[in-house]
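**Q** One-letter residues, chain by chain:
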Amino acid sequence: MRTRGPGESALLLLDVVGLITAQGIEYAVVGAMAASVHGAVRASVDADAVLSLAISRLRALERDFVTAGFHTESRRGDPDDPIAAMLVVKDEHSNRVDLIVGLRGLEVEAFSRAIHVPFQGVTLRVVGREDFVAMKLFAGGPQDIVDATSVVRLVGNELDLELLRRLAQRYGRTTVKALEILIAEIVVK
Amino acid sequence: MKSKLATAAKIELLAITQRLTAEERLNAFLAHSRLMVELEMAGRKLRESANPADDSSPLSAWTRSLS
Numbered sequence: 001m002r003t004r005g006p007g008e009s010a011l012l013l014l015d016v017v018g019l020i021t022a023q024g025i026e027y028a029v030v031g032a033m034a035a036s037v038h039g040a041v042r043a044s045v046d047a048d049a050v051l052s053l054a055i056s057r058l059r060a061l062e063r064d065f066v067t068a069g070f071h072t073e074s075r076r077g078d079p080d081d082p083i084a085a086m087l088v089v090k091d092e093h094s095n096r097v098d099l100i101v102g103l104r105g106l107e108v109e110a111f112s113r114a115i116h117v118p119f120q121g122v123t124l125r126v127v128g129r130e131d132f133v134a135m136k137l138f139a140g141g142p143q144d145i146v147d148a149t150s151v152v153r154l155v156g157n158e159l160d161l162e163l164l165r166r167l168a169q170r171y172g173r174t175t176v177k178a179l180e181i182l183i184a185e186i187v188v189k
Numbered sequence: 001m002k003s004k005l006a007t008a009a010k011i012e013l014l015a016i017t018q019r020l021t022a023e024e025r026l027n028a029f030l031a032h033s034r035l036m037v038e039l040e041m042a043g044r045k046l047r048e049s050a051n052p053a054d055d056s057s058p059l060s061a062w063t064r065s066l067s
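Those protein sequences? They're chains A and R, same order as listed. Counting from 1, position 139 in the first sequence corresponds to residue 139 in the numbering used here; the numbering is continuous, with no gaps. Counting from 1, position 16 in the second sequence corresponds to residue 16 in the numbering used here; the numbering is continuous, with no gaps.
A portion of the hints provided could be inaccurate.
[Stated by the list, open to error] Keeping only pairs whose Cα atoms sit at most 20 angstroms apart, straight-line, the calculated DMTMM-like set for lysine to aspartate or glutamate is:
1. A:Lys90 / A:Glu109
2. R:Lys4 / A:Glu185
3. A:Lys90 / R:Glu24
4. R:Lys2 / A:Asp160
5. R:Lys10 / A:Glu185
6. R:Lys4 / A:Asp160
Keep in mind the hints are simulated off the structure, nothing from the lab.
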């Protein structure tokens, strides 16, 4: 494992990515790491990624992580939860990676839109900026809104607004409304 | 609170980070996260040493010096 101490969830993610890509599972880095790529650099105690994986394969994946020496914890969302399941991968330094499976509204094409970013000798797949903004507005927490706003402030005029609006629609009316407010406030027309 | 000054400062800061490559941003994320955990641990240590039962703590000594 690459981690040597706490605060290194980004390095733990590299180990996690090694295992999931070896199995041919598509992923996209989201959360604070994606926020750092697309918007403002900020710290976080964890790293997050969405997986393109059937829930039925999650248990087998968890077993593989355990066999490889990781600590894991799997959680299932309630029927009304927008996240169907989550596999938490941890190390002995309290670093953690949250692997999200079955995010409601997420387009499967989000995985092919992910951008390639080199990091510590590995090429990571990071969720594209339009997908990132739409997901953050859907999540809707205070930090999520700050993250989405930062990206729109930075590259608002370069965003594919047609794509962004379509993605927001997939997440529901509240997300569409939040996006329109953000666009009206920030994007120079 | 809505402050034009604070917003301008935030935009300026964002523009500075835009000069970094995506790879540099991820390295900054890693460095930032390491430092944040270090700071959190230092704060926890300080809170533990501030335990009034522990009279030998630096904080207790400092408080005594004030009186």
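**Q** Decide if the proposed pair is consistent with the structure: lysine 2 of chain R and aspartate 160 of chain A, CA atoms, cutoff 20 angstroms inclusive.
**A** Violated - the C-alpha atoms of aspartate 160 of chain A and lysine 2 of chain R are around 28 angstroms apart, more than 20 angstroms.
**Q** For the pair supplied as a hint, lysine 4 of chain R and glutamate 185 of chain A, confirm whether the alpha-carbon distance does not exceed 20 angstroms.
**A** It holds: about 14 angstroms lies between the C-alpha atoms, which stays within 20 angstroms.
**Q** Does the structure keep lysine 10 of chain R and glutamate 185 of chain A at a Cα separation of 20 angstroms or less?
**A** Holds - the C-alpha atoms of glutamate 185 of chain A and lysine 10 of chain R are around 15 angstroms apart, at most 20 angstroms.
**Q** Hint check: lysine 90 of chain A vs glutamate 24 of chain R, CA-CA at most 20 angstroms. Holds or violated?
**A** violated (25 angstroms)
**Q** Is it true that the CA of lysine 90 of chain A sits at most 20 angstroms from the CA of glutamate 109 of chain A?
**A** Violated, because 28 angstroms separates the two Cα atoms, which is more than 20 angstroms.
**Q** Is the hinted pair lysine 4 of chain R and aspartate 160 of chain A satisfied, with a Cα-Cα distance of at most 20 angstroms?
**A** With Cα atoms ~28 angstroms apart, lysine 4 of chain R and aspartate 160 of chain A exceed 20 angstroms; violated.
Comparing the model with each earlier hint shows violations of hints 1, 3, 4, 6; every other hint is respected.
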